[in-house]
Amino acid sequence: MKHIIHDIIQKLNTPEITFGDVRYSTTDYQSIFFEKGNLKHFSSDTNNQALGIRVLINGCWGFAGTDIINKIEIEKTIKKAIKNAKEGSLFKQQKVVYKPIKPTIGSYIYTPKENPFTMPNEEKIAYFENISKLLTQNEQIVYSNVNCDFQRQYKIYANTEGTFTDSLVYDVLPGMYVLSSDGKHNYSRTWPGHMNGRRGGFEKVKACEFEKNSERIIKEAIDLLKAPTIQEERADIIIGGGHLALQLHESVGHATEADRIFGMEISYAGKTFIKKPMLKNFKYGSDIVTIFSDSTLEEGLGYHLVDDEGVPGRRVDIIKNGILNDQQTSREIAPLLDLEPSSNMMASFANDIPLVRMTNFCLAPGQGSLDQLIAQTEKGYLLDFTKTWSIDDNRYNFQFTTEIGYKIQEGKIVGIVKEPTYYGITPEFWGSCDKICGQEEWEMHGTFHCGKGEPGQAMHLSHGVAPARFKNVVVNVKA
Amino acid sequence: MESLKEKLKNIISDYPQLKIQLYLKNWQTDFLRFYKSQTNYNISKNSVTLYVSIYKDKKNYSFEISNPSEEQVRLQIEEALIYIDKLPPDPYFIDLENDLRRIDEKQKDNNIENISLNRKIEILKHFAEAVKPYDFDIYGTFICNNETNWILNSNGLDKVSKVSPYYFEVKAVSNKNEVTVLESFGSDNASALDTEMILSNLIVKIKAAQNEIVDVEAGDYEVILAPRCIGDFLSMYAWSNLFISSIDRKNTELDGKVGEKVFPECFSLYDNPRHPNTVNYDYSHDGHLYQNLPIFEKGIFKNFLVNNYYAHKLNVPENGNEANCLVMETGNHSLEDMIKGIKKGLYISSFHYMNFINSRETSLTGLTRDGTFLIEDGKITKVINNLRFTEKITDVINNIQEIENKASTFPMSDNYGNFSIYTYSMPHIKVKEFNISSSTKTV
Numbered sequence: 000m001k002h003i004i005h006d007i008i009q010k011l012n013t014p015e016i017t018f019g020d021v022r023y024s025t026t027d028y029q030s031i032f033f034e035k036g037n038l039k040h041f042s043s044d045t046n047n048q049a050l051g052i053r054v055l056i057n058g059c060w061g062f063a064g065t066d067i068i069n070k071i072e073i074e075k076t077i078k079k080a081i082k083n084a085k086e087g088s089l090f091k092q093q094k095v096v097y098k099p100i101k102p103t104i105g106s107y108i109y110t111p112k113e114n115p116f117t118m119p120n121e122e123k124i125a126y127f128e129n130i131s132k133l134l135t136q137n138e139q140i141v142y143s144n145v146n147c148d149f150q151r152q153y154k155i156y157a158n159t160e161g162t163f164t165d166s167l168v169y170d171v172l173p174g175m176y177v178l179s180s181d182g183k184h185n186y187s188r189t190w191p192g193h194m195n196g197r198r199g200g201f202e203k204v205k206a207c208e209f210e211k212n213s214e215r216i217i218k219e220a221i222d223l224l225k226a227p228t229i230q231e232e233r234a235d236i237i238i239g240g241g242h243l244a245l246q247l248h249e250s251v252g253h254a255t256e257a258d259r260i261f262g263m264e265i266s267y268a269g270k271t272f273i274k275k276p277m278l279k280n281f282k283y284g285s286d287i288v289t290i291f292s293d294s295t296l297e298e299g300l301g302y303h304l305v306d307d308e309g310v311p312g313r314r315v316d317i318i319k320n321g322i323l324n325d326q327q328t329s330r331e332i333a334p335l336l337d338l339e340p341s342s343n344m345m346a347s348f349a350n351d352i353p354l355v356r357m358t359n360f361c362l363a364p365g366q367g368s369l370d371q372l373i374a375q376t377e378k379g380y381l382l383d384f385t386k387t388w389s390i391d392d393n394r395y396n397f398q399f400t401t402e403i404g405y406k407i408q409e410g411k412i413v414g415i416v417k418e419p420t421y422y423g424i425t426p427e428f429w430g431s432c433d434k435i436c437g438q439e440e441w442e443m444h445g446t447f448h449c450g451k452g453e454p455g456q457a458m459h460l461s462h463g464v465a466p467a468r469f470k471n472v473v474v475n476v477k478a
Numbered sequence: 000m001e002s003l004k005e006k007l008k009n010i011i012s013d014y015p016q017l018k019i020q021l022y023l024k025n026w027q028t029d030f031l032r033f034y035k036s037q038t039n040y041n042i043s044k045n046s047v048t049l050y051v052s053i054y055k056d057k058k059n060y061s062f063e064i065s066n067p068s069e070e071q072v073r074l075q076i077e078e079a080l081i082y083i084d085k086l087p088p089d090p091y092f093i094d095l096e097n098d099l100r101r102i103d104e105k106q107k108d109n110n111i112e113n114i115s116l117n118r119k120i121e122i123l124k125h126f127a128e129a130v131k132p133y134d135f136d137i138y139g140t141f142i143c144n145n146e147t148n149w150i151l152n153s154n155g156l157d158k159v160s161k162v163s164p165y166y167f168e169v170k171a172v173s174n175k176n177e178v179t180v181l182e183s184f185g186s187d188n189a190s191a192l193d194t195e196m197i198l199s200n201l202i203v204k205i206k207a208a209q210n211e212i213v214d215v216e217a218g219d220y221e222v223i224l225a226p227r228c229i230g231d232f233l234s235m236y237a238w239s240n241l242f243i244s245s246i247d248r249k250n251t252e253l254d255g256k257v258g259e260k261v262f263p264e265c266f267s268l269y270d271n272p273r274h275p276n277t278v279n280y281d282y283s284h285d286g287h288l289y290q291n292l293p294i295f296e297k298g299i300f301k302n303f304l305v306n307n308y309y310a311h312k313l314n315v316p317e318n319g320n321e322a323n324c325l326v327m328e329t330g331n332h333s334l335e336d337m338i339k340g341i342k343k344g345l346y347i348s349s350f351h352y353m354n355f356i357n358s359r360e361t362s363l364t365g366l367t368r369d370g371t372f373l374i375e376d377g378k379i380t381k382v383i384n385n386l387r388f389t390e391k392i393t394d395v396i397n398n399i400q401e402i403e404n405k406a407s408t409f410p411m412s413d414n415y416g417n418f419s420i421y422t423y424s425m426p427h428i429k430v431k432e433f434n435i436s437s438s439t440k441t442v
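Top to bottom, those sequences are chains H and P.
The letter at position 268 of the first sequence is residue 267 when you use numbering that gives the first Met the number 0, and the numbering goes up by one with no holes.
The letter at position 307 of the second sequence is residue 306 when you use numbering that gives the first Met the number 0, and the numbering goes up by one with no holes.
Hints listed in this document are in silico derivations from the structure and should not be mistaken for laboratory results.
Treat the hints with care, since some could be wrong.
Computed from the model, here is a short list of chain H residues facing chain P with C-beta under 10 Å [as the list claims (entries may be wrong)]:
#, residue
1, F90
2, T103
3, L178
4, H184
5, G269
6, K477
The beta carbon of each residue, even a glycine, is placed where N, CA and C say it ideally should be.
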């Protein structure tokens with residue numbers, strides 16, 4: 000395939016094309032879904048090829064993608080991309096300006112410890128069947144499922160500046176879910192929670208210890224049927240890693256995607272409350288809050304040699320000691336903010352256009368263990384396992400509900416609460432962060448399903464976080 | 000494509016011991032995205048994907064192939080046969096779809112050709128010029144899809160459905176303060192695209208958006224919900240509580256209530272793919288004939304949406320409806336009169352980022368977007384910051400006070416995958432005691 004990509008780049012090296020790039024991907028996917036103890040769905044998608052060609056002509060982008068890879072179709076795709084750029088430029092006032100960067104040539108192959116695509120299918124099925132049976136033993140559990148998605152993606156990226164890279168990565172997304180009912184009310188528990196995507200192979204599935212945790216989630220789901228709700232108006236909350244990853248994702252990650260500043264996402268995903276003058280001076284969080292984007296962390300789903308417009312992977316401190324320091328940017332947008340490109344332009348598949356996306360978006364660790372943090376909390380709640388999330392289109396007002404809350408009194412967990420719901424305003428909330436646990440609690444969480452763009456793309460990305468405490472948060476919101 | 004179809008038919012007959020379902024999708028899109036009254040990017044995509052599901056007795060394996068060939072399909076079936084016997088069975092699988100009824104195939108236009116990129120750009124230039132005097136710019140999307148789906152199975156099903164919907168959504172955003180208003184339209188009929196009407200509605204909203212921006216306190220309000228809002232609520236309600244699978248998942252309070260009055264008499268809802276204002280879909284994903292289905296009539300719950308699998312599992316008749324063509328019956332109030340009757344309340348244009356807190360109970364939270372207005376003494380007087388609400392969908396329906404005497408058509412999309420476009424037809428509704436739980440303090 001590499002020679003075909005070289006040929007396409009040759010064809011894009013013309014005076015009328017300011018910049019052009021080509022991506023090719025071939026993706027293998029497998030999905031296993033057990034429902035109430037039975038195999039409901041087992042499917043695969045093998046060698047799913049895609050090609051995307053993007054050109055910049057007269058200061059306007061044109062893009063065309065296809066999954067039909069042959070000479071005729073490739074020629075048609077090149078012509079379509081060029082036509083889209085030329086005709087689009089008739090409705091374009093601010094021309095895209097592109098500063099050249101040094102080309103990168105490289106190759107990256109990730110090797111999982113246990114390759115899910117070479118494991119016998121019956122071995123994988125038996126593993127999940129065993130777990131699914133464990134979830135059907137209690138009559139108060141009225142519904143359960145166990146599921147896992149595996150993805151392997153090979154990608155080539157090349158551009159007219161001379162960059163040429165290829166990569167092969169493996170990702171897994173394992174989870175289980177139980178629903179308890181007393182006939183009137185239902186409560187759910189999941190494991191390992193909402194941010195369950197990991198870079199790796201079947202060893203990452205085993206690391207979730209499903210069998211060990213099945214008894215725990217069944218008990219907690221049943222206990223939730225009789226659990227109280229939070230009564231206080233405000234409380235101190237410790238947010239566990241899985242849910243904090245989503246809190247970070249929604250209220251900082253998306254808010255600092257710089258295409259939103261310029262309204263490029265108004266039509267779908269929304270804007271951001273951040274404006275250019277806030278850079279380098281806006282107080283986004285407390286002094287202990289440092290948040291960074293780092294596409295060089297190999298354990299994350301967002302690792303890459305170069306992003307999908309040839310910018311080498313790098314770390315950028317987005318929030319530094321509480322101050323808004325930088326943004327997630329593209330080569331088009333970074334100069335408009337007097338910043339360097341942050342290596343955040345990514346597309347889900349080769350036939351998708353790249354967008355400003357999170358890669359590995361992380362909260363820097365503080366100090367101490369979760370047990371120590373609970374012991375240091377006189378009164379409050381430990382909240383974890385996302386149930387509901389919602390944030391406004393400026394990424395300013397959010398409201399989250401977790402599956403369960405653990406009540407803390409005098410430094411100890413003394414009970415549980417159901418459907419704890421908290422609400423906040425982004426900078427006030429991050430400003431109330433007074434403790435972040437240390438490296439020993441810091442872990443990569445991830446998702447396959449970060450949605451953005453039109454046509455929509457679901458991105459694989461990761462968040463490194465450790466549990467953290469937030470003071471005096473509004474916790475009593477009810478429908 | 001035709002030769003591939005013949006080969007695929009042969010594959011089915013070559014494996015009489017299997018139940019095989021094939022779904023071949025040929026999909027194209029031309030997708031223009033614009034911002035700040037200029038092109039953001041133009042995308043063209045096409046794909047040919049074959050979805051294959053094979054059953055050996057009650058054991059199932061599925062796969063998909065992009066740009067398929069006969070050899071690939073045969074190879075993957077042969078591979079599946081090696082291990083399908085080792086898979087655990089699904090005891091609830093009985094049979095594939097066996098509804099062989101066909102709809103008379105109509106000639107359908109290809110709207111990628113009918114609404115060319117050049118025409119889109121001419122329309123957008125016109126809109127951009129028209130909003131400029133108000134110091135607004137336009138942002139949005141203009142999408143045309145064209146797809147052909149062929150469904151074939153071991154029970155003799157052999158059906159083709161074609162659809163070529165378009166989706167035009169334009170937001171006008173103030174350069175002064177980012178106040179945003181929205182107009183959208185979708186259809187599979189290119190001649191139904193009345194750009195002057197869309198523009199004139201947009202300008203009316205832009206004029207209302209010139210007013211002072213204020214905030215309101217949390218609390219219960221009398222509200223007018225625009226058609227898109229009630230459409231969003233009913234879509235979420237359908238997906239969580241109205242599909243028959245929700246009984247199996249213990250996720251609906253409507254279990255056992257068919258024939259019971261559950262909502263006010265003014266509320267009727269249909270899933271109608273033959274409605275003149277909705278994008279017409281011929282068949283369900285199983286290949287069942289997709290027909291008009293009453294879901295609620297005069298407040299009485301009439302039908303769950305039932306596909307082939309759950310029809311067998313729960314032993315209920317299949318209807319094949321998929322909530323892609325929801326039509327709410329109109330009432331007898333003009334929008335003007337509905338607003339006139341409100342002393343202090345809100346007009347809500349659109350929702351953003353709704354998610355269930357408890358889907359069985361239909362409690363959810365979300366935000367307003369793209370134009371929230373204060374109504375005082377029967378008139379729209381001010382712009383309001385976007386607001387968060389925390390509500391139950393069933394409470395909203397039970398609190399309907401008035402329904403508009405006409406409906407609007409608007410496009411919906413799941414956005415992902417093949418950007419499926421469908422349309423709903425809904426009127427404005429007036430609702431009492433709508434729970435605003437906080438303000439975003441931003442527009």
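Query raised in the report: Which of the numbered hints are not met once you compare them with the structure shown?
Result: Per hint list: single violation, 2.
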